[in-house]
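So you can see what is in the structure, the chains are spelled out below.
Number of protein chains: 4
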Amino acid sequence: MNTATRAGPAPHLEPASQTGWRRTWFDIIYRHDTPISRNFDLLLVVAILASVLAVMLDSVASIHHGHARLLYRLEWAFTLLFTAEYVLRLLVVRRPLRYALSIWGVIDLLSILPTYLSLLLPGSQSLLVVRILRILRLFRILKLTRYVEESGVLARALWRSRRKIFVFISAVLTIVVIAGAVMYVIEGPANGFDNIPLSMYWAIITVATVGFGDIVPHTATGRVVTSVLVLIGYSIIAVPTGIYTAELINNLREAEDEARSHDVRGCGHCGLLGHAADAAHCRRCGASLPRAD
Amino acid sequence: MNTATRAGPAPHLEPASQTGWRRTWFDIIYRHDTPISRNFDLLLVVAILASVLAVMLDSVASIHHGHARLLYRLEWAFTLLFTAEYVLRLLVVRRPLRYALSIWGVIDLLSILPTYLSLLLPGSQSLLVVRILRILRLFRILKLTRYVEESGVLARALWRSRRKIFVFISAVLTIVVIAGAVMYVIEGPANGFDNIPLSMYWAIITVATVGFGDIVPHTATGRVVTSVLVLIGYSIIAVPTGIYTAELINNLREAEDEARSHDVRGCGHCGLLGHAADAAHCRRCGASLPRAD
Amino acid sequence: MNTATRAGPAPHLEPASQTGWRRTWFDIIYRHDTPISRNFDLLLVVAILASVLAVMLDSVASIHHGHARLLYRLEWAFTLLFTAEYVLRLLVVRRPLRYALSIWGVIDLLSILPTYLSLLLPGSQSLLVVRILRILRLFRILKLTRYVEESGVLARALWRSRRKIFVFISAVLTIVVIAGAVMYVIEGPANGFDNIPLSMYWAIITVATVGFGDIVPHTATGRVVTSVLVLIGYSIIAVPTGIYTAELINNLREAEDEARSHDVRGCGHCGLLGHAADAAHCRRCGASLPRAD
Amino acid sequence: MNTATRAGPAPHLEPASQTGWRRTWFDIIYRHDTPISRNFDLLLVVAILASVLAVMLDSVASIHHGHARLLYRLEWAFTLLFTAEYVLRLLVVRRPLRYALSIWGVIDLLSILPTYLSLLLPGSQSLLVVRILRILRLFRILKLTRYVEESGVLARALWRSRRKIFVFISAVLTIVVIAGAVMYVIEGPANGFDNIPLSMYWAIITVATVGFGDIVPHTATGRVVTSVLVLIGYSIIAVPTGIYTAELINNLREAEDEARSHDVRGCGHCGLLGHAADAAHCRRCGASLPRAD
Chain A
1 MNTATRAGPA
11 PHLEPASQTG
21 WRRTWFDIIY
31 RHDTPISRNF
41 DLLLVVAILA
51 SVLAVMLDSV
61 ASIHHGHARL
71 LYRLEWAFTL
81 LFTAEYVLRL
91 LVVRRPLRYA
101 LSIWGVIDLL
111 SILPTYLSLL
121 LPGSQSLLVV
131 RILRILRLFR
141 ILKLTRYVEE
151 SGVLARALWR
161 SRRKIFVFIS
171 AVLTIVVIAG
181 AVMYVIEGPA
191 NGFDNIPLSM
201 YWAIITVATV
211 GFGDIVPHTA
221 TGRVVTSVLV
231 LIGYSIIAVP
241 TGIYTAELIN
251 NLREAEDEAR
261 SHDVRGCGHC
271 GLLGHAADAA
281 HCRRCGASLP
291 RAD
Chain W
1 MNTATRAGPA
11 PHLEPASQTG
21 WRRTWFDIIY
31 RHDTPISRNF
41 DLLLVVAILA
51 SVLAVMLDSV
61 ASIHHGHARL
71 LYRLEWAFTL
81 LFTAEYVLRL
91 LVVRRPLRYA
101 LSIWGVIDLL
111 SILPTYLSLL
121 LPGSQSLLVV
131 RILRILRLFR
141 ILKLTRYVEE
151 SGVLARALWR
161 SRRKIFVFIS
171 AVLTIVVIAG
181 AVMYVIEGPA
191 NGFDNIPLSM
201 YWAIITVATV
211 GFGDIVPHTA
221 TGRVVTSVLV
231 LIGYSIIAVP
241 TGIYTAELIN
251 NLREAEDEAR
261 SHDVRGCGHC
271 GLLGHAADAA
281 HCRRCGASLP
291 RAD
Chain U
1 MNTATRAGPA
11 PHLEPASQTG
21 WRRTWFDIIY
31 RHDTPISRNF
41 DLLLVVAILA
51 SVLAVMLDSV
61 ASIHHGHARL
71 LYRLEWAFTL
81 LFTAEYVLRL
91 LVVRRPLRYA
101 LSIWGVIDLL
111 SILPTYLSLL
121 LPGSQSLLVV
131 RILRILRLFR
141 ILKLTRYVEE
151 SGVLARALWR
161 SRRKIFVFIS
171 AVLTIVVIAG
181 AVMYVIEGPA
191 NGFDNIPLSM
201 YWAIITVATV
211 GFGDIVPHTA
221 TGRVVTSVLV
231 LIGYSIIAVP
241 TGIYTAELIN
251 NLREAEDEAR
261 SHDVRGCGHC
271 GLLGHAADAA
281 HCRRCGASLP
291 RAD
Chain D
1 MNTATRAGPA
11 PHLEPASQTG
21 WRRTWFDIIY
31 RHDTPISRNF
41 DLLLVVAILA
51 SVLAVMLDSV
61 ASIHHGHARL
71 LYRLEWAFTL
81 LFTAEYVLRL
91 LVVRRPLRYA
101 LSIWGVIDLL
111 SILPTYLSLL
121 LPGSQSLLVV
131 RILRILRLFR
141 ILKLTRYVEE
151 SGVLARALWR
161 SRRKIFVFIS
171 AVLTIVVIAG
181 AVMYVIEGPA
191 NGFDNIPLSM
201 YWAIITVATV
211 GFGDIVPHTA
221 TGRVVTSVLV
231 LIGYSIIAVP
241 TGIYTAELIN
251 NLREAEDEAR
261 SHDVRGCGHC
271 GLLGHAADAA
281 HCRRCGASLP
291 RAD
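Line by line, the protein sequences give chains A, W, U and D. Just so you know, we're using the UniProt record's numbering here: the first sequence kicks off at 1 and counts up by one. Just so you know, we're using the UniProt record's numbering here: the second sequence kicks off at 1 and counts up by one. Just so you know, we're using the UniProt record's numbering here: the third sequence kicks off at 1 and counts up by one. Just so you know, we're using the UniProt record's numbering here: the fourth sequence kicks off at 1 and counts up by one.
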């Protein structure tokens, strides 16, 4: 992967014009390899983190009442800043609608819309919480760093093991459905297992070894069933780890093999690369190979 | 494994007759590779999921009272549907008794029996919960998909490590028995450790890191013992994961080795084995190699 | 490992005499490869499990009061049986004192002593719990089965990784000591963190993700520290698993390599074994080797 | 790594003078390979452990009141001992300021300062807890043992996987922020989810499978969200383990490869590399090989 390409704008993004202020701002906003665009990114990261922190603190009653005016002003400052950025993003790109409908465009809109809507629908507290999705905007910037390769390795291994993990989750959910029904019959509403969905919630909390303790078995039979369920959960916790580790080791080995195949001797006759370390002849044309050292 | 074979009926299932409606229905029910039989499978999956959901919701008091009539009718609709399917399955197969006594036949019967029995034994609430086993019928259809291979890999690794996991569970249970007895002596009924079986239940919940918190140590000695128990549990949680991961990696490597051993050709001149799949010449002596296909 | 040897008595055990009833009983008790000695083992397993179960049930108040007489008689029956076995074991072995002072001899004695002592020291309830150690006697018999090899693999990997696990436990304990002291200062006795040892107990329960919930942070700072502690615990839970898995994979690979080295070609000239698969000459004397197929 | 070097003083530490009492004490304190310096180390370990234990016990109200005088005297004895050691360390080293500003120098100072400050600032209980950091001084001595290699392997694998673990922690924290906000909206202050930071604390405790149970969902929707959150946590617990295990296995393999590459000799006749350590002849052409040493 070429760093210059990666730090440039995504391939489907093109500037609205090749010259003038639009081109300048396009480079500031969408490119990430010039000093000014890096400063822009940094400013954005700080603004996003500060605005998420403001949303969090605003939900604390004592802070909300003590600093209502300050938080209100801060919120509008962040909203106006993000609105300006959003409008700019649309203005300088060649196909604004396409950007607006992309994942990043939708997240950008969700970051500013709730504040405006709160003017029309006063008291819509839960709407304001949507602003917390601003945190997702961080990943746009994170995507540009070298961490993207690491997350690529992790995600690829996760993607490769998706079928095995689906099978595993199916098995866990079947155990949960049956355990939930059994515990509902054994313990019943008298002991807090009010209905099967609640029992299933309890079974998930238990098999995943969380164990809140708000619902617990009280009968001897229920405790035996719980012990068995817990031992099953304790044993099969190994399965996703095993799946994922095996896949990750495989991934790393393949990457290594590929890396190795790039720096071995080429055949002087036909140019084939990737010969085994002990090969004395080209495996395609049979010509002699230079010594490997 | 041949896809056609896998999608066909299980080897011990044969149609009752080679022609007529029985043959037609046999193909619809037991085969899985024609459009009509696939639609039948899909319909069955939807009916099973809907009926399991109905059983779950029926256990919620408010829903049970608010929609008693609807749920009752739905239940009878599902039961009649599954009964018709069950009778058909028996009619079109050559050896109905053999099918009825197989695992799938028993599960099919358990899926419909409770509703009929509830007419004879009114108020048998816990009997109705047996219907939740319908969820197991999903696996008959899951078995036909490509997920079966994935679960095969997982199950084979689990099967191979069965002895090691048995040894591990024995060690855990011995720790649990001794820890339970020790905590019963240290804490005693005054602190909620009423008897040894209850203490053992607590020890299982603790060593598996669930920790409900309904029973907790109150004495200093008890807390020291608990800390040691928890650290043991925390350290040995690694064991089943290690066992399983090692087995899974082994499995994958064997599959790879086997795949590789199929396209290994020996050099006719010097006898060297283990050539790359695309090699046309021996890498040692440069002699021509036979084509790999 | 030779099965016959393994099923025979341990090497340091010798019969008191080579003929007569002592020799007969020595073979019954200490050997494990004749039908009669196998039946003896089986009887012992059943008696051990039944007696442990009796000790457990005796601790349940309702069962203790309802079946006091039955349990009392059962206990004496088991004690007399195990006493007879213990005396026999000492009588038929050549060096009885050596056996009595071995681990198994001590466990045998601990299994019967508490019942006799309860005659002298009435009301010594906690003494009777010592009888639960009878469960350890099962391992003497388990040792003779093929499971011993599996547990050998597990134990060897655990033994090899002992230093790494010691380092890990030291790191965890240091985190626990510091976190305990910090939480004691932040939360203090008012929030249940009465003193540093109690805070350390809480930190162990938390970092190992057990989380009983009997002691929980109530201040904002305390919750931040707890969150950090939990994330640390969540991340480093990987470490023992990683250590153990890597060791286990290594172990299996070595076992494989060793197995492979046994069935390769020997040099016809000097007899050296263990040549690489592609070797054409003996690596010691340089003589030609037969083709490997 | 050379044992003598490792057991000697750190490279930047030089004695203040090459002869006299300063040199003698420098060797006692900073070297670790003579009998007297080893005894000094042992004495230090015992004093550190005893003083940490005293700090812990002093925080227990009953012990504090019952043994106030003893603990007070012990504390001053340890403080004077550690002060003497600290002053000596500064006196015998060539560049005392450099030592005082190193990590170990700061920890040494933090170990004694609180006791002196408690004379000036009476009642500064929380200050005294700083003394618990004395436990870190143990690692200076642990560093000299063979355990350092083991912890080196563990730490290197942790360091190599730092980027992947950073990505993982970022993903977990994003899930926590969103889950916290969602649960705050769904459950609200009425069910104990007072504000978003508290909800996030709950989400961390839940996703890490600790589950204190002080805050639990009470609505049906909240329980569904919790179940999903728990299943996510249960699945991704595999990720750090996978990362770390893969890295550790890689590390061990590299160490092996490196070890192997040191005794590789090339055949002077045909150039083949990779001979076994005990090979005297090339395995391909049979020519004599140079001795491996």
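No lab work stands behind these hints: they were computed from the structure. We put the beta carbon where it would ideally sit given N, CA and C, even for glycine. Treat the hints with care, since some could be wrong.
Okay, the calculated bits of chain W under chain A, using three or more residues with CB under 8 Å as the criterion [unchecked claim]:
hint, region
1, 44-57
2, 208-219
3, 245-251
Hint check results:
Note: the region 44-57 of chain W has 4 residues with beta-carbon separation from chain A under 8 Å; the three-residue rule is met and the coverage holds. Beta-carbon proximity to chain A at under 8 Å applies to 7 residues in the region 208-219 of chain W; the threshold of 3 is reached and the given coverage holds. Coverage of a stretch by a chain is defined here by at least three residues with a beta carbon nearer than 8 Å to that chain's beta carbons; for the region 245-251 of chain W and chain A the count is 4, and the condition holds.
Violated hints: none; the structure is consistent with every hint.
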